[in-house]
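Participant: Per UniProt numbering, residue 1 is the first one in the sequence shown, and the count goes up by one each step.
Keep in mind that the hints were calculated from the coordinates and are not lab data. It is possible that part of the hints are untrue.
[Stated by the list, open to error] Pairs of lysine-lysine, DSSO-like flavour, derived with a Cα cap of 27 Å:
no., residue 1, residue 2
1, LYS512, LYS534
2, LYS534, LYS160
3, LYS119, LYS64
4, LYS119, LYS383
5, LYS64, LYS109
6, LYS410, LYS461
7, LYS483, LYS383
8, LYS559, LYS547
9, LYS410, LYS201
10, LYS251, LYS336
11, LYS700, LYS620
[Stated by the list, open to error] Label pairs and their computed distance ranges (CB to CB):
no., residue 1, residue 2, range
12, ARG600, ASN227, 24 to 32 Å
13, ARG567, LYS100, 33 to 41 Å
14, ALA593, VAL752, 30 to 38 Å
15, THR829, ARG567, 54 to 62 Å
16, ASN637, GLY737, 24 to 32 Å
17, ASP586, ALA313, 57 to 65 Å
18, GLU249, ARG600, 49 to 57 Å
19, ASP564, GLY226, 46 to 54 Å
We put the CB at the ideal spot given by N, CA and C, even for glycine.
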Amino acid sequence: MMNVVVVESPAKAKTINKYLGPGYKVLASFGHVRDLPAKDGSVLPDQDFEMLWEVDGASQKRIKDIADAMKSSDGLILATDPDREGEAISWHVLDLLNKKRVINGKPVKRVVFNAITKKAVLDAMAEPRDIDVPLVDAYLARRALDYLVGFNLSPVLWRKLPGARSAGRVQSVALRLVCDRESEIERFISEEYWNLSAILKTPRGDEFEARLVSADGKRLAPRAIGNGEEAGKLKALLEGAAYVVDTVEAKPVKRNPSPPFTTSTLQQAASSKLGFSASRTMQVAQKLYEGVDIGGETVGLITYMRTDGVQMAPEAIDAARRAIANQFGDRYLPEKARFYSTKAKNAQEAHEAIRPTDFDRVPDRIRKFLDDDQLKLYDLIWKRGIASQMASAEIERTTVEILADNAGKKAGLRAVGSVIRFDGFIAAYTDQKEDGEQSDDSEEGGRLPEINARENLAKQKVNSTQHFTEPPPRYSEASLIKKMEELGIGRPSTYAATLATLRDRDYVTIDKRKLLPQAKGRLVTAFLESFFTKYVEYDFTADLEEKLDRISAGELNWKDVLRDFWRDFFAQIEDTKELRVTNVLDALNDALAPLVFPKREDGSDPRICQVCGTGNLSLKLGKYGAFVGCSNYPECNYTRQLSSEGGAEAESNGLNEPKALGADPVTGEELTLRSGRFGPYIQRGDGKDAKRASLPRGWKPEDIDYEKAMALISLPRDIGKHPETGKMISSGIGRYGPFLLHDGGYANLESVEDVFTVGLNRAVTLIAERQSKAAGGKARGTAAALKELGEHPDGGGAITVRDGKYGPYVNWGKVNATLPKGTDPQAITVEEALALIAAKAGKSGGTTKKAPAKAKTAAAGAKATKTTAKPKAAAKKPAAKTAAKKKSAE
Numbered sequence: 001m002m003n004v005v006v007v008e009s010p011a012k013a014k015t016i017n018k019y020l021g022p023g024y025k026v027l028a029s030f031g032h033v034r035d036l037p038a039k040d041g042s043v044l045p046d047q048d049f050e051m052l053w054e055v056d057g058a059s060q061k062r063i064k065d066i067a068d069a070m071k072s073s074d075g076l077i078l079a080t081d082p083d084r085e086g087e088a089i090s091w092h093v094l095d096l097l098n099k100k101r102v103i104n105g106k107p108v109k110r111v112v113f114n115a116i117t118k119k120a121v122l123d124a125m126a127e128p129r130d131i132d133v134p135l136v137d138a139y140l141a142r143r144a145l146d147y148l149v150g151f152n153l154s155p156v157l158w159r160k161l162p163g164a165r166s167a168g169r170v171q172s173v174a175l176r177l178v179c180d181r182e183s184e185i186e187r188f189i190s191e192e193y194w195n196l197s198a199i200l201k202t203p204r205g206d207e208f209e210a211r212l213v214s215a216d217g218k219r220l221a222p223r224a225i226g227n228g229e230e231a232g233k234l235k236a237l238l239e240g241a242a243y244v245v246d247t248v249e250a251k252p253v254k255r256n257p258s259p260p261f262t263t264s265t266l267q268q269a270a271s272s273k274l275g276f277s278a279s280r281t282m283q284v285a286q287k288l289y290e291g292v293d294i295g296g297e298t299v300g301l302i303t304y305m306r307t308d309g310v311q312m313a314p315e316a317i318d319a320a321r322r323a324i325a326n327q328f329g330d331r332y333l334p335e336k337a338r339f340y341s342t343k344a345k346n347a348q349e350a351h352e353a354i355r356p357t358d359f360d361r362v363p364d365r366i367r368k369f370l371d372d373d374q375l376k377l378y379d380l381i382w383k384r385g386i387a388s389q390m391a392s393a394e395i396e397r398t399t400v401e402i403l404a405d406n407a408g409k410k411a412g413l414r415a416v417g418s419v420i421r422f423d424g425f426i427a428a429y430t431d432q433k434e435d436g437e438q439s440d441d442s443e444e445g446g447r448l449p450e451i452n453a454r455e456n457l458a459k460q461k462v463n464s465t466q467h468f469t470e471p472p473p474r475y476s477e478a479s480l481i482k483k484m485e486e487l488g489i490g491r492p493s494t495y496a497a498t499l500a501t502l503r504d505r506d507y508v509t510i511d512k513r514k515l516l517p518q519a520k521g522r523l524v525t526a527f528l529e530s531f532f533t534k535y536v537e538y539d540f541t542a543d544l545e546e547k548l549d550r551i552s553a554g555e556l557n558w559k560d561v562l563r564d565f566w567r568d569f570f571a572q573i574e575d576t577k578e579l580r581v582t583n584v585l586d587a588l589n590d591a592l593a594p595l596v597f598p599k600r601e602d603g604s605d606p607r608i609c610q611v612c613g614t615g616n617l618s619l620k621l622g623k624y625g626a627f628v629g630c631s632n633y634p635e636c637n638y639t640r641q642l643s644s645e646g647g648a649e650a651e652s653n654g655l656n657e658p659k660a661l662g663a664d665p666v667t668g669e670e671l672t673l674r675s676g677r678f679g680p681y682i683q684r685g686d687g688k689d690a691k692r693a694s695l696p697r698g699w700k701p702e703d704i705d706y707e708k709a710m711a712l713i714s715l716p717r718d719i720g721k722h723p724e725t726g727k728m729i730s731s732g733i734g735r736y737g738p739f740l741l742h743d744g745g746y747a748n749l750e751s752v753e754d755v756f757t758v759g760l761n762r763a764v765t766l767i768a769e770r771q772s773k774a775a776g777g778k779a780r781g782t783a784a785a786l787k788e789l790g791e792h793p794d795g796g797g798a799i800t801v802r803d804g805k806y807g808p809y810v811n812w813g814k815v816n817a818t819l820p821k822g823t824d825p826q827a828i829t830v831e832e833a834l835a836l837i838a839a840k841a842g843k844s845g846g847t848t849k850k851a852p853a854k855a856k857t858a859a860a861g862a863k864a865t866k867t868t869a870k871p872k873a874a875a876k877k878p879a880a881k882t883a884a885k886k887k888s889a890e
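Using the sequences and the hints given, assemble the complete structure.
Facilitator: So, in C-alpha cells, the structure goes:
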C-alpha cells in the first residue's frame, strides 16, 4: 500500500518522508503550481468571474511527477501549508490531477502540519479532513479582487500619471498610511513648553527628584507651561519655597506577560529588537519551521509562522509549564495556565501562536546548530513563548506628594519610584535561573530613598528646562504593520510582501529604519485619494477584509462579494476616461502643496516662478514622471525635479536659478550649474546645442566649483595612446558608471574620481586585465559564485548565487534569475532559489535542464487552463511581466 503526500517545500518533503516511512511517497509542489497570467483577461467579470489559470513549464513537470506517482498509489494526501494559500495550493493540485484523470475514485484527504516534528506529523496524519471549500472560496475572492484592482487601476495611473508603476487593493492603502503620516509632519507646528523639577534632600541626606504638577491649587496639564516668562515665575516660587512631604503611598502592582507571537507581533519585535525587515523575519522563521539539522536529524524548531492566533495548544501549555518549573522554579509557575485572545481587528485565530516545538530546547543548547540570525529569532520566540505562561511580575510603585510653600504661594510636586519585588516572567528575558532563585528588590524605573509623611525636605536645586513639541514619528516597518493590523487592513501573512512591493516600486525608501514616502508614492496616493477615494479608505478596506473572512467562515457567497465590488469599481474606472490631465494636476497641486510649493525664506509666493517673475509654477507630467515647471514655457524653461523632500532641496542648493561658475577658456561659453527634471547638471552655453553633463552619483551641488565643472563638461578625457596598438585610451562616465574606452572595448573603473586621475600605465593594466578575463571565459554573467546551494532536484548541475553587473542572481545551467530587490544573497535558501528559477524558466516557455546549448521551449508554452468558478478583468490593457510564482501578495 502506498500513498502520495504533497507538500510545498522539497526540504520538508525529505524530512516528512522519513517520519512517515516506506508506505508514503512525499513530493513537493514548490509552492503554487499555477497562477493567473499577468495580463489582461485572466479574470472575466462578464462570464461570472471565470478565472483562467496558467501552469508554467517548471510546474507542469511537478504536476507530471505527482500524476505519475498517483498511477501506482492507493490514495492522495494533500499536506500543503496550514494557511489560506496552502489550502488553495491543495485545491489547485487536486483540480489539475482530476483533469489528468489520475484520481479515479482514490481517496483524497487534506492534512496540515503545524510543526515539522515526528509527533506533529504523525498526529496530523491521524486526523485527515476534506479540503476546506469556504477557505478556498475566500482565496479565490481575494485573488480575483487583487487582480481586478491591479489590472484595472494600474493602467489608469499609467495614462493619467506617467511614471507611476502600479496600484493595489492593500498596497495602496498601506502607502496612504505612510504618506498621510508625512503630511501630518509637514503640517505640524511646534509649540514651546517648559518642565520644572526640584532636587530635594531627606533628613537622612538622600537626594531625589520631584517634578512640578500643580500651582496655585490648579493641576498642571502636560505641557501647560507655555513660555519662559511663566516658567520663570514658577521657578522663583520654587526657589524660595519650603518643602514638606504630604503623603507617601506604596501600591503593589502586577505586570502580566504578553501572549506568544503572531505573525505581525513577531515581525514587529524582530524589527525593533533585531533590526530585521519583515521579509527577513519570514525567511528565517520559514527555515526554523521547516527544520534545522540538530545532531544529524532535521527538526522543526517552531510552529507555523503565518498565524494571527495567540493561544498555544493544550499540550504545548503543559510542556511550557513543566519547563518553567524545571528551569526557573515552582514560584515562577502560576497556579493556572494562562489563556489569551487577540484584540486585533478581524483576527481569525485559526492556528496556534508561534512557539517553540520543544520548550526544553533552550536557545543556548542549540546555539551551535544555528546561524546568527536563526539563533536571534529562535531566542526571541522561545523567550516570548515560555514567558507567556509564567507568573506575573510583582512591583511596588511608590508615589510621594510634596507641598511647596513660598509666602502663601503654593505648588505641588510629585516623585514616583518603583521596585520589582518578584521578577516573575521578566526572568525569561534575563539570565535563566539555575536553581529557581529569585532576584528580589531589583529596580524598575528607579528606587526612591526612604521618605516619610510630614517630614521636611531641603531644596538642593530647581531645574527649569525648555522643550518643543515634536511631530509624530515616521512609520517603521514594525509600527506600520502594527497600524495595519489595528485597522484590519490586509493579513499578517502578506505584510512582508506588501512592504517589499512598496520598496520595489520606489514608492517608499527606508532611512534609519523609517519609511520615507518618495515623490512618486505621494503622487500616486494623492491621485487615488482625489479620484478613487473610496478604495483607499481605511474602513472600506477593513470592511472588505471582514467580508473575505465571512466567506472563509461559509457565511457569504464569494461571487456575491465580487459582484458588489465590481459594479461600483468598474463605474469609477469608466468615469476616469473623461478625466483631463489638467484636472489631475489641479488636484495634485492642492493635495501636495507643501511638497510641490515649499515655503521660501524670503516669504515670497512659492507658486510664482522666480526666474521669469510672472509665470505660475505647477506640476507637469513627463515621460518619466512628474516635475515642477513654469506656465510661461517655452519662453521660460525653468523646471525643478520633484524630490521626496519637496522642492526645498533644489532651492536651498541655489538651483532655483542657474548658478554661474565661470567661462570655458576655449569656447568662451558660460558654465552654469542647473537643476532639471532628472537632477542637477552642468551646462556649457545656451540653446539646443549647449553641452550638458549630469552630476555623478555622490557629487553634491553645493560642492561644485569651476574646476569640477570644467573637468566634468570636458569628458571624455583622453589619457594617452596604448603603447601596443597606438590607439587612444579615454575615460568617461556612462550609464553603468565610470569606464575606460580603448579600441571599441570597455573596462570598468572603481570610482568617479578615477575618471579624472587614472594614468596611462594603470589604464593599460586595467584594459589588459579585462581582455584576460574575457579570453579566460569569464565574461559578463559568469562571476564567481557567492554561495553554493547544492544540486538541482531535476539534475542539470548545481544551483549557485552569483553577483552580476545588475546585482546578485541565482544561476542554474543557462538560467539566470535576478534576486528581488533588497534580498541578501547570503540568506537565499534553496527553496527560494528553485522558485526564482522556475519562474524564470516559465517566462521563456520551458525549462533548462542539464544546461543544454539552447533551452528547450515547451511545446505549447505555459498552458492556460479554465476553472469552473473563477473571475474576469475589464477592458484590454497592456500585458505585464509574468510574476514569480509565489504566494500571492495583497
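Participant: Taking 24 to 32 Å as the stated bounds, is the beta-carbon spacing between ASN637 and GLY737 within them?
Facilitator: Given a distance of about 30 Å, which is inside 24 to 32 Å, the answer is holds.
Participant: Lying within 49 to 57 Å: is that true of the beta-carbon distance GLU249 to ARG600?
Facilitator: Holds: the Cβ-Cβ distance is about 56 Å, inside 49 to 57 Å.
Participant: Is 30 to 38 Å respected by the C-beta to C-beta distance linking ALA593 and VAL752?
Facilitator: Given range 30 to 38 Å: holds, Cβ gap about 37 Å.
Participant: Compare the distance between the alpha carbons of LYS512 and LYS534 with 27 Å, and conclude whether the hinted pair is satisfied.
Facilitator: violated, 33 Å
Participant: Holds or violated: LYS700 and LYS620, Cα atoms, limit 27 Å.
Facilitator: Answer holds: LYS700 to LYS620 is near 25 Å, not above 27 Å.
Participant: Quick one, are LYS64 and LYS109 close enough, alpha carbons at most 27 Å?
Facilitator: holds, 20 Å
Participant: Okay, ASP586 versus ALA313 on CB: inside 57 to 65 Å?
Facilitator: holds, 58 Å
Participant: LYS119 and LYS64 were given as a pair; does the straight-line alpha-carbon distance stay at or below 27 Å?
Facilitator: Roughly 31 Å separates the two Cα atoms, so the pair is violated.
Participant: For LYS251 and LYS336, compute the direct alpha-carbon distance and say whether it is at most 27 Å.
Facilitator: Holds, at roughly 25 Å.
Participant: Hey, LYS410 versus LYS461, does the alpha-carbon distance stay inside 27 Å?
Facilitator: Measuring from Cα to Cα gives roughly 18 Å; hence the hint holds.
Participant: Sort out whether LYS547 lies within 27 Å of LYS559, counting only the CA atoms.
Facilitator: holds, 11 Å
Participant: ARG567 and LYS100, beta-carbon distance inside 33 to 41 Å?
Facilitator: holds, 37 Å
Figure legend: structure checked against the earlier numbered hints; hints not met, in rising order: 1, 3, 15.
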